[in-house]
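Enquirer: As a plain string of letters, each chain reads:
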Amino acid sequence: MTDLAQDLLSSFLVAESQLNGSRNLGVVSLRKKAMDRFEQQGFPTTRDEEWKYTNLKPVLKQDYRILLKGDDAVSFADIKKYLLSDLDTYKLVFINGKYSSWLSESTHQSFDICTFAAALNKYPDVIGDFLGKAAPAGTTFVDLNTAFADDGAFVRIKRNQTVDKPIEILYLTTDENGPAFAQNRNLIIVEQNAEVQIVERHQNIGTQPNFTNFVSEVFAAVDARVSYYKVQNDALHASLVDNTHVVQERGSNVHVGTYSFGGKLVRNNLHFYADGEHTESHMDGVTIIDDGQTVDHHTLVDHREPNCYSRELYKGIYLGNSHGVFNGKVMVRQKAQKTNAFQQNDNILLGERAKVDTKPQLEIFADDVKCSHGCTIGQLDKNALFYLRSRGIPKKEAEGLMTYAFASDALEYVKIPQLEKRLNRVITEKLGINLEFAL
Amino acid sequence: MLKIKDLKAQVEDNQILNGINLDINAGEVHAIMGPNGSGKSTLSSVIAGREDYEVTDGAIDFDGEDLLDLDPEERALKGIFLSFQYPVEIPGVTVSNFIKTAINESRKGRGEEPMEAREMLAKMREKSALLEMDKSYLSRSLNEGFSGGEKKRNEIFQMAMLEPKLAILDETDSGLDIDALRIVANGVNKLRSKDNAVVIITHYQRLLDYIKPDYVHVLYQGKIVKSGGPELAHELEERGYDWIKAENA
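Residue numbers (our numbering), protein chains in the order written: chain X, 1 to 439; chain C, 1 to 249.
A few of these clues could be false.
[To be verified] Straight-line distance between alpha carbons at most 27 angstroms, and here's what the computed DSSO-like set of lysine-lysine pairs gives:
#1 X:K396 <-> C:K108
#2 C:K223 <-> C:K165
#3 X:K382 <-> C:K8
#4 C:K8 <-> X:K415
#5 X:K382 <-> C:K190
#6 X:K421 <-> X:K395
#7 C:K78 <-> X:K395
#8 X:K382 <-> C:K108
#9 X:K165 <-> X:K33
#10 C:K78 <-> X:K382
Rather than coming from a laboratory, the hints here were simulated on the basis of the structure.
Model, not experiment: these values are computed from the prediction.
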């Protein structure tokens with residue numbers, strides 16, 4: 001067993017009775033069982049099929065503080081640039097995993113946009129109904145998070161309501177704890193025919209390394225509409241394992257966009273469970289990373305009912321010696337006739353030592369379905385480059401323009417114009433070009 | 001303006017141009033004709049600076065400057081424009097953003113200020129009207145889903161926006177119906193002046209009915225084997241290329 005695993009076990013014994021929700025017997029039992037499973041399993045290694053291409057060892061060998069303190073010294077000026085400044089939003093801000101009420105703007109009026117900690121006390125029944133129902137027990141990082149997480153965002157949108165403005169969820173890490181291991185959890189419940197847009201970001205604003213093991217459970221009821229955008233542009237000493245699990249009922253439409261530009265090691269486990277007919281599941285993303293960075297997208301769409309649609313489009317641009325992984329699994333159960341599943345993963349290697357491992361995985365048990373998948377790994381098209389240069393556009397700008405164009409169709413489903421603009425700006429910055437039109 | 005001297009070029013060890021000599025002056029229109037595989041497109045690519053081609057001998061001089069040392073974008077700044085036979089599709093970049101980038105990068109390259117947004121817009125309107133292009137055109141992704149005719153019109157639109165000194169039209173007539181051909185030719189004619197020159201590369205006479213050339217050259221096996229006036233194009237239209245091949249066998 002690794003030192004970190006030992007630390008986690010002993011920290012759990014200390015913290016167990018002090019965690020938010022420790023008077024809720026259901027929650028306590030959930031945590032204990034999860035910790036037992038973690039003790040059995042430990043952390044995955046590259047010998048595990050699911051972690052074959054991503055080696056956690058360098059990140060896990062760091063000595064982290066597990067039970068964290070907040071940080072009162074953070075002001076709005078410190079975090080402003082991580083928020084969509086030109087847009088009015090609800091805001092939930094966590095510093096070292098602790099809720100910061102003075103930086104946040106929550107509400108309980110028409111709907112709940114508040115903390116997981118508050119919900120543990122205020123809505124024990126809701127917690128009992130939903131907690132752990134999307135994220136599957138038995139996977140190391142989910143179990144570990146279930147054991148420790150006692151705060152995060154709680155969003156519950158009641159029937160037929162449309163949230164009037166987007167919700168921003170910001171998780172900050174400061175140097176207060178030295179190297180920090182944070183585990184927070186979002187619970188997002190969108191009831192029948194309700195609608196919400198969420199922008200989420202993890203950001204290390206200090207100099208110390210940190211590791212975040214994050215879980216988000218999303219429940220989209222009948223005809224609910226959810227847009228969930230993950231902006232990953234963290235410091236190069238920050239690592240993240242994101243576990244996002246979405247359960248969809250009939251007619252619901254959920255989009256999760258993941259935009260990965262920063263961080264040392266980022267692993268996204270994104271799972272959709274299509275539990276009703278006529279659901280639409282959209283997952284897409286742009287990854288642009290450089291030297292010393294790894295981004296690993298592991299996705300699953302589980303089609304359990306007939307007549308559902310899923311669309312998956314991931315674009316990757318790899319500079320320097322960066323490493324990308326894409327593993328897209330589409331499961332079509334026997335009952336799920338007339339499934340229409342689309343998957344595409346396109347990569348451009350701009351760095352000479354950049355590397356991509358991509359693996360589509362289709363398991364189809366129904367006979368009347370339409371499933372397509374494809375992946376490409378390549379360089380920029382020479383003809384197109386010549387075309388642009390022959391119009392007077394210098395080589396570097398031409399390459400930037402083409403790379404931008406390559407990435408931009410994965411942004412098509414972003415519904416918040418300010419966010420789209422922000423993402424375009426980050427993309428052009430990452431590509432080292434100044435294209436006026438993209439701003 | 002353009003002086004090509006004994007130009008030889010190859011691609012992957014295949015010699016394609018075998019000593020081209022050609023002089024083009026401002027105000028002139030030259031047509032280069034010839035059977036498939038004679039080297040017409042290679043010649044235009046070499047002038048524009050495509051890197052797949054290796055120039056093994058000879059020189060290209062443009063306004064007193066050696067072109068062969070310049071990158072494609074530098075040649076564009078000097079005023080060379082190539083209308084592509086197969087324009088490339090670039091999803092995600094609109095026609096107007098592309099042309100804006102091209103114009104302002106060219107200006108930057110020449111040490112000039114970017115064009116005022118209002119001036120840019122007015123010019124785009126004027127030139128797209130010249131080519132009878134719908135306004136929605138400008139906001140579409142560059143060449144994506146364009147018909148053959150739309151792609152070629154878009155090439156001439158770019159030419160109109162960039163105002164080159166030397167425009168090379170590589171098989172601009174291929175894939176055009178008669179109406180599109182008339183529109184494209186009309187556009188090119190309106191852009192002609194005593195200060196610029198046009199090179200038309202084509203298989204057929206029909207584009208030359210609309211854009212009258214001053215000189216017609218026949219390219220065969222990487223060499224200009226015959227030059228003449230507009231009547232040479234008519235002769236080729238009537239007799240085909242076999243007699244040229246026979247003469248040069």
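Enquirer: Can you give the numbers of the hints that this structure goes against, from lowest to highest?
Expert: 4, 5, 9
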